[in-house]
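Sequences and hints are given; from them, build the entire structure.
Protein chains in written order, with this note's numbering: chain A, 3 to 437; chain B, 3 to 437.
Hints are supplied without guarantee of correctness; some may be wrong.
If chains are identical, the list can't say which one is meant, so a pair holds when it fits in one copy or spans any two.
[Claimed, not checked] Capping the alpha-carbon separation at 25 Å, the derived lysine to any residue pairs in SDA-like fashion look like this:
#1 K235 <-> G180
#2 K235 <-> E350
#3 K294 <-> R50
#4 K235 <-> D122
#5 K6 <-> T123
#6 K294 <-> Q339
#7 K6 <-> G329
#8 K294 <-> D59
#9 K6 <-> L340
#10 K294 <-> L191
#11 K54 <-> T18
#12 K6 <-> A127
Derived from the structure by calculation, the hints contain no laboratory data.
Quick caveat: nothing in here was measured; it's all calculated off a predicted structure.
There are 2 protein chains.
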Amino acid sequence: MAKKAPVRVSLLGCGTVGSGVLRLLRENAEYLESRIGAPLEVRKVLVRDATKDRGPDCERAWVSTSADEVLGDPELDVVVEVMGGEEPAGTYLQRALESRRGVVTANKMLLALRGPQLVDTAVAAGVDLAFEASVGGGIPVIRTLREAFSSDWVERLEGIVNGTCNYMLTRSRREGLGFDEAVREAQRLGYAEAEPSLDVDGHDAAQKLVVLAMLAFGARVDPALVPTYGIRKVDARDHGFAERFGYVIKHLAIGRDHGERLELRVHPTLVPAGDVLANVSGVLNANQIHGKALGPCLLSGQGAGALPTAVSVVADLVDVARARREGAQGLSTRGIQLEDRPLQPLDEVRSRFYLRFNVADRPGVLAAIAGALGEHGVSIEQMVQEGREHDEGLPVEIVMLTHEASWGGVERAFAQIAARDFVARPSRFLPIEAQ
Amino acid sequence: MAKKAPVRVSLLGCGTVGSGVLRLLRENAEYLESRIGAPLEVRKVLVRDATKDRGPDCERAWVSTSADEVLGDPELDVVVEVMGGEEPAGTYLQRALESRRGVVTANKMLLALRGPQLVDTAVAAGVDLAFEASVGGGIPVIRTLREAFSSDWVERLEGIVNGTCNYMLTRSRREGLGFDEAVREAQRLGYAEAEPSLDVDGHDAAQKLVVLAMLAFGARVDPALVPTYGIRKVDARDHGFAERFGYVIKHLAIGRDHGERLELRVHPTLVPAGDVLANVSGVLNANQIHGKALGPCLLSGQGAGALPTAVSVVADLVDVARARREGAQGLSTRGIQLEDRPLQPLDEVRSRFYLRFNVADRPGVLAAIAGALGEHGVSIEQMVQEGREHDEGLPVEIVMLTHEASWGGVERAFAQIAARDFVARPSRFLPIEAQ
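Okay, here's the thing in structure tokens:
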């Protein structure tokens with residue numbers, strides 16, 4: 003085979019993931035060349051601050067602060083975007099695709115907000131757009147949805163897609179840490195940002211769910227429309243009660259294809275303790291995909307981290323570079339047909355539920371709660387009451403598991419109960435995930 | 003885009019998997035065409051018995067009993083082999099690759115025995131050889147090893163790769179079924195063959211491990227050299243003791259890269275109960291791959307079954323057909339460099355162990371056992387003794403967990419203990435998998 007011209011690559015951004023990518027490119031240069039059939043050549047690395055040290059794998063001559071210089075390079079084959087955020091990354095990638103460069107990106111926020119538009123641009127230009135690293139860092143879930151499920155129909159998926167939430171819930175369950183304590187520990191270990199809201203309030207998970215739904219269900223969805231709840235209100239007592247009933251609390255991103263409508267939601271959920279998802283602990287992530295023919299397929303691994311993410315970026319780069327050198331570009335997006343899919347209102351979602359009430363210990367309270375639930379079609383399957391052994395007069399905790407009911411029914415019953423004078427502290431509910 | 007000429011496909015074999023493939027090709031024809039960029043056209047289906055009904059998806063005109071007719075077809079693009087067994091499948095695929103047809107196969111036995119030769123032939127001919135369905139039916143482990151790990155280094159892997167064993171162990175643990183009972187139940191449900199030895203004695207798992215090791219470690223290994231143990235001797239009492247110590251018994255295929263030497267082995271193993279692998283139950287399979295950079299990555303799903311396997315075959319067919327139509331063949335095998343790797347003798351493998359002795363209940367016995375173990379470098383970490391509460395004079399059961407020791411040390415200590423007159427029933431040991 004004649005020696006092929008190098009595939010010319012530029013990076014947008016050079017933080018920890020970008021440095022990891024450069025390191026892998028240097029360390030594995032020979033192997034990557036054998037996989038691609040041509041060497042990879044780094045042209046430029048776009049950064050905001052040219053004076054900052056980028057580590058030993060980033061050559062001084064690569065560094066540029068000019069997007070025009072980097073993207074205007076007529077020799078450029080592939081753009082690797084590891085800067086994150088919606089802008090200016092979005093404008094850069096749009097421009098790269100329009101000028102027929104292949105694109106590899108790790109940017110889930112951008113994909114959640116503008117994925118369909120970028121896919122359309124890539125399809126129109128006949129080039130590749132690869133984004134394995136955008137969801138689940140080191141877990142090949144995008145690849146699996148694109149390729150392994152290519153002749154199957156994804157019926158539903160559940161994912162533990164945010165490592166910060168999973169870590170905090172794991173610590174809270176095992177060590178009884180409160181939310182504030184758990185978040186401080188996660189921050190100390192580098193698992194949570196100084197401003198943790200994007201993670202702990204579920205927005206990061208909702209963005210990832212939208213990217214997964216694009217591939218799993220061919221859906222164009224605005225992440226702002228996905229019902230999203232975080233983990234602030236889950237406390238050690240909930241973990242204790244869940245365990246007593248044989249469950250573990252996990253923060254899940256859930257998607258189901260109901261034909262015309264799509265059900266997407268992000269929230270803490272009770273998962274049966276023997277379930278594989280229940281045993282994905284700490285910062286690990288997992289995605290369970292249910293194919294009509296393939297059945298359930300679970301992928302689990304490191305959801306974030308510089309090196310796992312860099313490995314996924316480089317794996318994508320190999321595919322895109324190879325296709326470009328072989329003159330077979332645009333295959334990765336071929337067959338992705340996106341359409342606007344209406345979402346099922348959360349109100350109508352049906353599930354079993356875990357309910358927890360903190361109420362005065364006096365006659366008639368249980369009857370009032372059961373009555374309010376019954377009025378809204380929520381029937382009780384199991385119940386425990388706790389706290390009577392303490393001083394009389396103090397509130398008691400009542401925990402119930404329900405039969406299948408509608409989310410809206412539970413909310414309406416809760417609104418009714420909240421108005422009663424026997425309620426000591428706000429009531430809480432969590433759905434139960436059936437397998 | 004101009005309409006491309008169809009990609010012409012013939013099947014070798016048309017059992018349940020083959021019928022499933024034909025069904026998926028028909029049901030998803032339009033979608034597959036959009037993915038491939040050209041329609042798929044079935045040319046021939048090679049069968050042994052032309053009179054047998056092949057179901058509604060197999061057209062009468064396709065059926066042929068002549069390998070020469072099927073493989074000699076000058077228009078043929080891709081051969082899909084779903085007949086199984088080493089011969090004549092091996093000769094057919096060798097011939098197909100040499101005459102530059104793309105090949106998709108679900109045949110793990112053939113790959114374990116002749117994979118390296120087939121890969122070499124495919125590389126020399128510059129065509130694709132895809133075999134996702136050969137290991138773990140519906141789990142995209144081959145794809146993940148080939149692509150997602152393309153810039154990483156696989157340090158080790160553990161797999162539950164035989165659904166029959168996993169089902170039987172699960173039933174034995176949960177319901178106390180003995181081996182014979184469990185195997186009869188598995189046969190009744192279609193999870194075990196009439197002659198179950200290939201599964202329950204571990205040979206099927208060893209074949210799959212050799213295929214995985216080919217991709218994970220670039221290793222050419224004879225499956226007959228892989229130390230292989232089945233599940234015949236694991237009984238309900240072992241499950242009980244394992245549980246008491248916080249473990250679950252799983253039949254694992256294990257591979258570790260020690261640099262020059264490779265450690266491969268197949269046997270029942272104690273796995274910590276909280277581990278994800280411990281919670282992969284029933285007929286489900288799982289593969290855990292540990293990348294140097296990627297960390298642990300677990301894939302789990304249906305390991306067998308006609309439809310999951312057919313989905314994997316068709317996913318491979320999409321890749322191979324697409325590459326062929328784009329003139330970009332041979333990429334799938336590019337960069338696979340296989341070499342003969344010496345195996346680490348089982349004797350030298352180090353692990354913690356679970357030991358179980360059935361011995362006379364009299365003074366000095368424990369000292370004799372501990373002495374024999376100590377002589378061979380096996381030290382005890384925990385111990386329980388059971389049976390004293392029964393009639394005096396009956397044998398007691400002594401179970402120990404050891405610190406890390408060599409497999410050979412345990413075997414030599416066991417040989418020494420076996421010769422003693424206090425042994426009532428054969429002693430048993432199982433390694434403990436550390437995470």
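Could you figure out if K294 and L191 sit no more than 25 Å apart (CA to CA) within one copy, between two copies, both or neither?
-> between (40 Å within a copy, 21 Å between copies)
Intra- versus inter-subunit Cα pairing at 25 Å for K54 with T18 = Result: close within a single copy only, 13 Å intra versus 61 Å inter.
Can you tell me if K235 and D122 fall within 25 Å by alpha carbon in one copy, between copies, both or neither?
-> Neither. Shortest intra-copy (40 Å) and inter-copy (58 Å) distances fail the 25 Å Cα cut-off.
25 Å Cα threshold - placement of A127 relative to K6 | both (23 Å within a copy, 19 Å between copies)
For K6 vs T123, is the C-alpha pair at or below 25 Å within one copy, between two copies, both, or neither?
-> between (28 Å within a copy, 23 Å between copies)
Using 25 Å as the alpha-carbon threshold, which applies to K6 and L340: within, between, both, or neither?
-> Between copies, since 24 Å is at most 25 Å while 36 Å is not.
Go through the copies and call it for K294 and D59: within, between, both or neither, with a Cα cutoff of 25 Å.
-> The answer is between: 19 Å across copies meets 25 Å, while 45 Å in one copy does not.
Status of R50 relative to K294 across identical chains (alpha carbons, at most 25 Å) | neither (47 Å within a copy, 31 Å between copies)
Could you place K235 and E350 in one of the four classes (within, between, both, neither) given a Cα distance threshold of 25 Å?
-> Classified as within: same-chain Cα gap 23 Å, cross-chain 52 Å, threshold 25 Å.
Within, between, both or neither: K6, G329 at alpha-carbon 25 Å = Classified as both; 12 Å inside a copy, 16 Å across copies.
From the Cα coordinates, with 25 Å as the cut-off, is the pair K294 and Q339 best called within, between, both, or neither?
-> within (19 Å within a copy, 36 Å between copies)
Check K235 against G180 for me: Cα-Cα at most 25 Å, and say if that holds within a copy, between copies, both or neither.
-> within (10 Å within a copy, 47 Å between copies)
The structure fails to meet hints 3, 4 from the earlier list, while all remaining hints are met.
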